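Asks: Listed in order, the protein sequences are those of chains A and B. Mapped onto the numbering used here, the consecutive letters of the first sequence carry residue numbers 34 to 376. Mapped onto the numbering used here, the consecutive letters of the second sequence carry residue numbers -16 to 326.
Because the hints were derived from the structure by calculation, they are not lab data. Mixed in with the good hints there might be a few duds.
[Claimed, not checked] Okay, the calculated beta carbon distance ranges per label pair: (1) B:ALA279 to A:ARG251: 40 to 48 angstroms; (2) A:GLU324 to B:ARG190: 14 to 22 angstroms; (3) A:LYS103 to B:PRO284: 19 to 27 angstroms; (4) B:ALA279 to A:ARG372: 51 to 59 angstroms; (5) B:TYR110 to A:LYS103: 44 to 52 angstroms; (6) B:PRO288 to A:TYR320: 19 to 27 angstroms; (7) B:GLY233 to A:GLY332: 27 to 35 angstroms.
[Unchecked claim] Below, in silico cross-link-like pairs of lysine-lysine (DSS-like), each with a Cα-Cα straight-line distance of 27 angstroms or less: (8) A:LYS349 to B:LYS179; (9) A:LYS349 to A:LYS229; (10) A:LYS319 to B:LYS(-12); (11) A:LYS103 to B:LYS276; (12) A:LYS326 to A:LYS349; (13) B:LYS299 to A:LYS341; (14) B:LYS269 to A:LYS349; (15) A:LYS326 to B:LYS(-12); (16) B:LYS179 to A:LYS341; (17) A:LYS326 to A:LYS193; (18) B:LYS143 to B:LYS191; (19) A:LYS103 to B:LYS269; (20) B:LYS143 to A:LYS38; (21) B:LYS320 to A:LYS103; (22) B:LYS320 to A:LYS38; (23) B:LYS291 to A:LYS38; (24) A:LYS228 to A:LYS193; (25) B:LYS53 to A:LYS319; (26) B:LYS(-12) to B:LYS179; (27) B:LYS269 to B:LYS291; (28) B:LYS143 to A:LYS103; (29) A:LYS38 to B:LYS269; (30) B:LYS53 to A:LYS326; (31) A:LYS103 to A:LYS38.
Please read these numbers as outputs of a predicted model, since none were measured by experiment. Even glycine gets a Cβ: it sits at the ideal position worked out from N, Cα and C.
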Amino acid sequence: MADAKRILAISSHVVHGYVGNRASTLPLQLLYWDVDVLNTVSFSNHTGYTQWCGDRHSAQHIREIYTGLKMNTLTDYDVVVTGYIPGAEAVREVGAVVQELRRDNAELGREVLWILDPVMGDEEKLYVAPDVIPVYESLLPLATVITPNQFEAELLSGIKFQSEPDIKKALRILYDKFGTPNIVISSAVAADDSKKEEFVCAGQTRRKDGSLLQFYLRLPFINAYFTGTGDLFASLMSDRFWTYYTAAKGVEGDVPDAELPLVRAVEDVSAIVQAVLRNTADEVQKYNIREDKMAVETGVPRPEPATKERRIRDMKFGELRLIQSQDKIRVPDVVVKARFDFP
Amino acid sequence: MADAKRILAISSHVVHGYVGNRASTLPLQLLYWDVDVLNTVSFSNHTGYTQWRGDRHSAQHIREIYTGLKMNTLTDYDVVVTGYIPGAEAVREVGAVVQELRRDNAELGREVLWILDPVMGDEEKLYVAPDVIPVYESLLPLATVITPNQFEAELLSGIKFQSEPDIKKALRILYDKFGTPNIVISSAVAADDSKKEEFVCAGQTRRKDGSLLQFYLRLPFINAYFTGTGDLFASLMSDRFWTYYTAAKGVEGDVPDAELPLVRAVEDVSAIVQAVLRNTADEVQKYNIREDKMAAETGVPRPEPATKERRIRDMKFGELRLIQSQDKIRVPDVVVKARFDFP
Chain A
34 MADAKRILAI SSHVVHGYVG NRASTLPLQL LYWDVDVLNT VSFSNHTGYT QWCGDRHSAQ
94 HIREIYTGLK MNTLTDYDVV VTGYIPGAEA VREVGAVVQE LRRDNAELGR EVLWILDPVM
154 GDEEKLYVAP DVIPVYESLL PLATVITPNQ FEAELLSGIK FQSEPDIKKA LRILYDKFGT
214 PNIVISSAVA ADDSKKEEFV CAGQTRRKDG SLLQFYLRLP FINAYFTGTG DLFASLMSDR
274 FWTYYTAAKG VEGDVPDAEL PLVRAVEDVS AIVQAVLRNT ADEVQKYNIR EDKMAVETGV
334 PRPEPATKER RIRDMKFGEL RLIQSQDKIR VPDVVVKARF DFP
Chain B
-16 MADAKRILAI SSHVVHGYVG NRASTLPLQL LYWDVDVLNT VSFSNHTGYT QWRGDRHSAQ
44 HIREIYTGLK MNTLTDYDVV VTGYIPGAEA VREVGAVVQE LRRDNAELGR EVLWILDPVM
104 GDEEKLYVAP DVIPVYESLL PLATVITPNQ FEAELLSGIK FQSEPDIKKA LRILYDKFGT
164 PNIVISSAVA ADDSKKEEFV CAGQTRRKDG SLLQFYLRLP FINAYFTGTG DLFASLMSDR
224 FWTYYTAAKG VEGDVPDAEL PLVRAVEDVS AIVQAVLRNT ADEVQKYNIR EDKMAAETGV
284 PRPEPATKER RIRDMKFGEL RLIQSQDKIR VPDVVVKARF DFP
C-alpha cells in the first residue's frame, strides 16, 4: 500500500448538496487521492436555492490556512485544483498561495500541476464581482489546465459562440492571450443550434513541439438543470490529466495526437460526468413523476415553477446524485472518443 | 436507485488529515449516506501537530447554517452525529439545534437518531474548557447513543477504571445519571492491566422490557498513536446502529441479546475500525523503518521524539489511512463477537 498521491482542493463548502469542494472531494478520494480541502466559503446550501446562510472565508483565512500547512511541512502536493473563490482579494490570495506552493516544491524537484477552474458565471450570467475578472486573467498563464464553461470562455476570449467554428476560434484566442498549455471548454452549444440535442466538449493542448492540437467530443445533451457539474469535471480532470501526464513524462519521442494526456483525460472525464448526470436526470424525472402523481391524488397542484417553494424543491431533488453514482467514478465507460476534424 | 438516507454530521474540519468530519464523512458516503457536513472549526490540521492555524466557527454560525437548511426544507434527516464542538456556547447551540430538528421531524412522523460523541478529552487530558462538561451532561439524556472514550466515561461517571469491573460499574452509573439507552465506551484499558496487549470495547443497551444488557469485546491493542479513531467510530456507529435499529423496528416480540441493534453495531464497527487501524499501523511502521534507514545511510540522525520537528513528521505520517482502507469500510470482517460475561 503506497502513500496516496496528494491534491489541494480550494473551493466552496456547502453543508447540504454537491457543488464546489462537496462535488470534488468524494470522487478524488474514491480515486485514492489524499485530498486536502480548503474551503473558501461555508454556506448552508448552494445559491441556486435563492436563499442561503453562512459565511465567506476571507483572503486572510486562506493565507492563514496555508501558513498552518506550510509550518507543518504539509504542502508537498502533486496537484492543486481551484474553483469558486469569493471576491478579487481572495482570488489574488489563492493565486499568491499557489505560486508560492509551486515554487517551494520546485526547489525540491517536485512539479505541482494547477487545474484552474475560473469560476465566474454560467448561463450568460456573471455571478462574481467584475473586478474578479482581471485577477483571473493574470493567473490563467500560470495554470497547467483551465476548464472554463461556455460563459467564462466567451468572457475571457471576447467572442460569443454564435456558430460552432467560434468555439475553435475562442480556444486559439485564449492561448494567444494567456498561453495556457491545456484548455477545456467543458460544454458549449452554439447559439445557431436550434435543436440542442448535443453539446460540444472542446479542448486544446500544446504538443511537445509547441504546436497546438484542437479536438472535441459530441455528447448527448441531457435536458435538466444541473449544479456542481463544472466542479465535478475539474476534479476528475485533476485525476485523469495528472495520471496521463505523469505516465507520458517517461516517454521518449512523439506521442500520437489521440494519446496526448489532455485528449485521453477529456474522454475519460466526459464519460464519467455523463454517467453521473444520467443518474441524476433519471432521479429528477422520477421526482417529477412522483410530484405530478401526488398533485393528482391530493388535488393540491404543484407550486408554479417561478415560485420560491417550487424552486427550493427542484433544487433539493436536483442535486447531483454523487453518492448513488460512486461506483461509476472509478471505471470510465468511454464510448465517445475525441475528434480532430473541428468544424 | 433510491434516494440516499440522510445524516447531519457536526464536527471539526481540518484541511489536511483525518479527524472530526474528515474522518466521518468519507466512510458514511461509502455506505451510501447523503452526508450534510456542518463544520464547527476550520483548521489547517489537527492539534496533535502542536501548531495549527484557522478559525473556530461561532455558535451564531451554527445557528445560521441551521436556519439556512431549515428555510430550504433540508432538515429531514434520519440521523444526526455530533463530535468536536469548541466551547460551551457552541455545544449549547448544537444541543438546541438538534432538539429543534428532532421536534420538527417528529411532527412529520419521522424519528431522528442522535449519535452523540461527547468530545472533551483523551489520554487523561481535558482539551475543552471545563464549562463544556455540564452542557454535555444536559444533552446526554437526549441522545440515542453516546460514544465516550475512556477519559470521557471516567469524567462523566466519576470513577476511574482501576480494574475491569469498574468499566461495568461506570456504564451503570452513566445510565443512572443520564438515562441514555445506548452507551459505548469505544476503548478502555484498566489501570491494573500491566501487559496492555488487549483493550475492551464496552457497551450497554436497554432492552425492550426496559432492562439493561451489558456486553464487551476484547480486541488486540495496536501500539501506535492514532488520531481520528473516535470520530471514525462514531460515524460508523451512526450507520450500523441506524441500520439494525431500523430493521428491528418491524420485529414483534423479544430480540435475543446477541442480536440487539447496539450489540451487532458494535461488533461491525469494531471490525472495521480495527482494519483501518491495522492498515495505518502498518504504514506507520514502514515510515519508521524508512526514516531509520535514511538516518543510517545519511549519517543524519532522526530528530528526537520530543522535538517539534519529529512530532510534526510523526503526526504527518501517522494520519489514519482512510483513503487506502476505503475498501474495508463496506464489508465488516467480524471476527470478534460480543461477550456477555462481563468481569
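Asks: Quick one: which hint numbers does this structure break? Sort them smallest to largest.
Replies: 1, 2, 5, 6, 8, 13, 14, 16, 17, 18, 20, 21, 22, 26 and 28
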